[in-house]
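Engineer: As a plain string of letters, each chain reads:
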Amino acid sequence: MTKRDWWNFIKGMAFISPWLIGFVLFMALPIALSFYYSLTDYPLFQPPVFIGTDNYERLFTGDALFWKTLWNTVYYTLLSLPATMLISLGLALLLNARIANQSIYRTIIFIPSIVPIMASAMLWLVLMNPDTGVFNGLLNLVGLDGIGWLTDKRWAMPSLAFMSLWGVGYTVVIYLAGLQDVPTSLYEAAEIDGAGVWSRMWNVTLPFISPVIFFNLIMAIIGTLQVFLQPFVMTKGGPDDSTRVYTMYLYQTAFEFQEFGYASAMAWVQLLIILVLTGIAFWSSKRWVHYQGE
Amino acid sequence: MADKRNKKLRKPRSSRALSRPQAFAATAALLMICASFSLPFMWMFSTSVKPKDQLLESDPTWIPRQWEAPVGEDGAWVAVEYEGKQITSELYLTRKEGESVSQLLPFSRLTEQHTFRQKIEASEDQPYAPIRRKLGDKELGDWQVVPVDGAHLRKSVAPQWQNYPDVINDENMIFPLFARNTLLIAVLGVTGTLVSSSLVAYGFAKIDFRGSKLLFAVMLATMMIPFPVIMVPMFAIFRWMGEHHLGQWLGTFKPLWVPMWFGSAFNIFLLRQFFRTLPNELSEAARIDGCSELGIFLRIALPLSRPALAVVALFTFMFIWNDFLGPLVYLQDQQQYTLVLGLQTFQSQHEGSPYNLVMAASVLIFSPIIVLFFITQKTFIEGIATTGMKG
Numbered sequence: 001m002t003k004r005d006w007w008n009f010i011k012g013m014a015f016i017s018p019w020l021i022g023f024v025l026f027m028a029l030p031i032a033l034s035f036y037y038s039l040t041d042y043p044l045f046q047p048p049v050f051i052g053t054d055n056y057e058r059l060f061t062g063d064a065l066f067w068k069t070l071w072n073t074v075y076y077t078l079l080s081l082p083a084t085m086l087i088s089l090g091l092a093l094l095l096n097a098r099i100a101n102q103s104i105y106r107t108i109i110f111i112p113s114i115v116p117i118m119a120s121a122m123l124w125l126v127l128m129n130p131d132t133g134v135f136n137g138l139l140n141l142v143g144l145d146g147i148g149w150l151t152d153k154r155w156a157m158p159s160l161a162f163m164s165l166w167g168v169g170y171t172v173v174i175y176l177a178g179l180q181d182v183p184t185s186l187y188e189a190a191e192i193d194g195a196g197v198w199s200r201m202w203n204v205t206l207p208f209i210s211p212v213i214f215f216n217l218i219m220a221i222i223g224t225l226q227v228f229l230q231p232f233v234m235t236k237g238g239p240d241d242s243t244r245v246y247t248m249y250l251y252q253t254a255f256e257f258q259e260f261g262y263a264s265a266m267a268w269v270q271l272l273i274i275l276v277l278t279g280i281a282f283w284s285s286k287r288w289v290h291y292q293g294e
Numbered sequence: 295m296a297d298k299r300n301k302k303l304r305k306p307r308s309s310r311a312l313s314r315p316q317a318f319a320a321t322a323a324l325l326m327i328c329a330s331f332s333l334p335f336m337w338m339f340s341t342s343v344k345p346k347d348q349l350l351e352s353d354p355t356w357i358p359r360q361w362e363a364p365v366g367e368d369g370a371w372v373a374v375e376y377e378g379k380q381i382t383s384e385l386y387l388t389r390k391e392g393e394s395v396s397q398l399l400p401f402s403r404l405t406e407q408h409t410f411r412q413k414i415e416a417s418e419d420q421p422y423a424p425i426r427r428k429l430g431d432k433e434l435g436d437w438q439v440v441p442v443d444g445a446h447l448r449k450s451v452a453p454q455w456q457n458y459p460d461v462i463n464d465e466n467m468i469f470p471l472f473a474r475n476t477l478l479i480a481v482l483g484v485t486g487t488l489v490s491s492s493l494v495a496y497g498f499a500k501i502d503f504r505g506s507k508l509l510f511a512v513m514l515a516t517m518m519i520p521f522p523v524i525m526v527p528m529f530a531i532f533r534w535m536g537e538h539h540l541g542q543w544l545g546t547f548k549p550l551w552v553p554m555w556f557g558s559a560f561n562i563f564l565l566r567q568f569f570r571t572l573p574n575e576l577s578e579a580a581r582i583d584g585c586s587e588l589g590i591f592l593r594i595a596l597p598l599s600r601p602a603l604a605v606v607a608l609f610t611f612m613f614i615w616n617d618f619l620g621p622l623v624y625l626q627d628q629q630q631y632t633l634v635l636g637l638q639t640f641q642s643q644h645e646g647s648p649y650n651l652v653m654a655a656s657v658l659i660f661s662p663i664i665v666l667f668f669i670t671q672k673t674f675i676e677g678i679a680t681t682g683m684k685g
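Listed in order, the protein sequences are those of chains Y and G.
Per this note's numbering: the first sequence = residues 1 to 294.
Per this note's numbering: the second sequence = residues 295 to 685.
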């Protein structure tokens, strides 16, 4: 390295040093410790004892609740993620149409996404109350029987996924920004070639905004797989463990049962699942994400 | 893709204007969607000003209402119907101003009668007086006030604004204290994030040094780390520190704000995208004038980046305001609770019974966010739009 390179290196390192120090202290160290703990028996008030891969064996072979909560999280993701992705894209397309008062519609659709999750959890508890809630009131109004939104184990998880749709506004705004970058000239060219609405959508709009779809997909995967607050607060994992999600079981293992070693093993399994899924998304992105200028 | 700073959501623009039927269909769809998106808000607000009695009605109504009994010369007659269950409530008549006049009908031991009628003495000279139920520990929703012998009970519109001061002064939901705690963490956290993230972002954006690409990639990858992986060992570390007299962190605000002084990946990314759009000519000129890198950062880059810094401040504030898992894990004493944690405790202590107060608290917790949103709407939306841009 030349002297100038060295000088730049020192300057650069100095500027990023807060993050570097934070990375070591609040990321690398805990991650390493977490991995070590996952190989130990660590009841919070006694020192950790090394037990090899026992925790992982117990997870995969001896813990029905692990599989149950893992499935619950997957189930929630399957219900919520595709619906959120599709509906937010659909809404963005609608909000991008040339009609009057769009800024009002946009604001109304966006605002629910900034309600503190705790407040919206409280609100939806009230909305979904089987006896006094407005949802069952509306169902009764059209002659249907009310359902146990959060109290019936068949409905509890779909209800939580349904609730997540209320908060799509944030994703909608990101899509909308992507849609507005599509050059009008592309549409004009497509139109001259005789492309219809669907063809333009499929061949112009979607490829052009594919990086934005990809970004939203990655964020959704990471966020949805860590869902915690809504089931923790609204259903406490019930009824009958039907909404006990993975992060909730992990939290309880660590802070209620105080099995830090076991909880760390669970955290590592969660980390690996997220890494594998985002890895798959990145790998598949080569086929369907088109960056401009490539 | 080229960097786009100041992403604006422009006027709607699609390939061509919609035909009239299309525009009509799109408008109709949007109106219906907007109605359903606003419905929860209306319910939240309406519930927050409902009288307690109304919460138990199994036929949900939107308008806060309450029963009123006609007050004649010899008082008011009301009857109560219920279905054979133990009633632990009391019925009483109130003056319009909200003060109770006479507390009557304490039928806590009645289990078999189906109708119970009683004359309520009302000294106040008013044609109708509101009837309230004082709810005991166990609430029963299946009894109701009914008219007696041609007495015309009526329901009047009665928003209970008092619910708001009530929840603020509730001894379990120590609103002013929780708000102070949240704001303290927010001020420390937002300041730390601004200082540290902007420094780091400048380093990544404007200084070409060996390893910067790799480190930047590592930093982005940390966004994928789920919080539990960090939370469990951090708790163990803080506990260990406390035991070995290396500083008490558990049960203090420190775990919630100190890490924010070391930059956060998302905000560094956001600011770096912004810094990269600043022209290099300015900093070159300053460098020739003998300005140090830190000087360029402080005197040129930062002042030009106010919009981006505002976005970071806004997002960080909202993150802290909404955070639940962090306070849940690290805070121990109720005196230190944040608003969100306090609300959850309040709700679970009462098993959700005073919906109206829980809703009033939710409205209060949401209100600063919505005010911030309307003040900073443009910055806010542009900030979100920028997050979706590839670097």
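These aren't lab readings, by the way, just hints derived from the structure by calculation.
None of these values were measured; they are calculated from a predicted model.
Some hints could be false.
[Stated by the list, open to error] Within a straight-line C-alpha distance of at most 27 Å, the following computed BS3-like cross-link-like pairs (lysine-lysine) qualify: (1) Lys286/Y to Lys449/G; (2) Lys507/G to Lys11/Y; (3) Lys500/G to Lys11/Y; (4) Lys346/G to Lys449/G; (5) Lys346/G to Lys236/Y; (6) Lys68/Y to Lys153/Y; (7) Lys346/G to Lys3/Y; (8) Lys3/Y to Lys449/G.
[Claimed, not checked] Chain Y side only, calculated, beta carbon under 7 Å to chain G, not exhaustive: (9) Tyr105; (10) Gln258; (11) Phe260.
All C-beta atoms in this analysis are idealised placements derived from N, C-alpha and C, irrespective of residue type, glycine included.
Engineer: Decide, hint by hint, whether the structure agrees.
Structural biologist: Going down the list of hints, with the structure as the test:
{"no.": "1", "hint": "Lys286/Y to Lys449/G", "in the structure": "violated (64 Å)"}
{"no.": "2", "hint": "Lys507/G to Lys11/Y", "in the structure": "holds (15 Å)"}
{"no.": "3", "hint": "Lys500/G to Lys11/Y", "in the structure": "holds (11 Å)"}
{"no.": "4", "hint": "Lys346/G to Lys449/G", "in the structure": "holds (14 Å)"}
{"no.": "5", "hint": "Lys346/G to Lys236/Y", "in the structure": "holds (25 Å)"}
{"no.": "6", "hint": "Lys68/Y to Lys153/Y", "in the structure": "holds (14 Å)"}
{"no.": "7", "hint": "Lys346/G to Lys3/Y", "in the structure": "violated (75 Å)"}
{"no.": "8", "hint": "Lys3/Y to Lys449/G", "in the structure": "violated (85 Å)"}
{"no.": "9", "hint": "Tyr105", "in the structure": "holds (5 Å)"}
{"no.": "10", "hint": "Gln258", "in the structure": "violated (10 Å)"}
{"no.": "11", "hint": "Phe260", "in the structure": "holds (6 Å)"}
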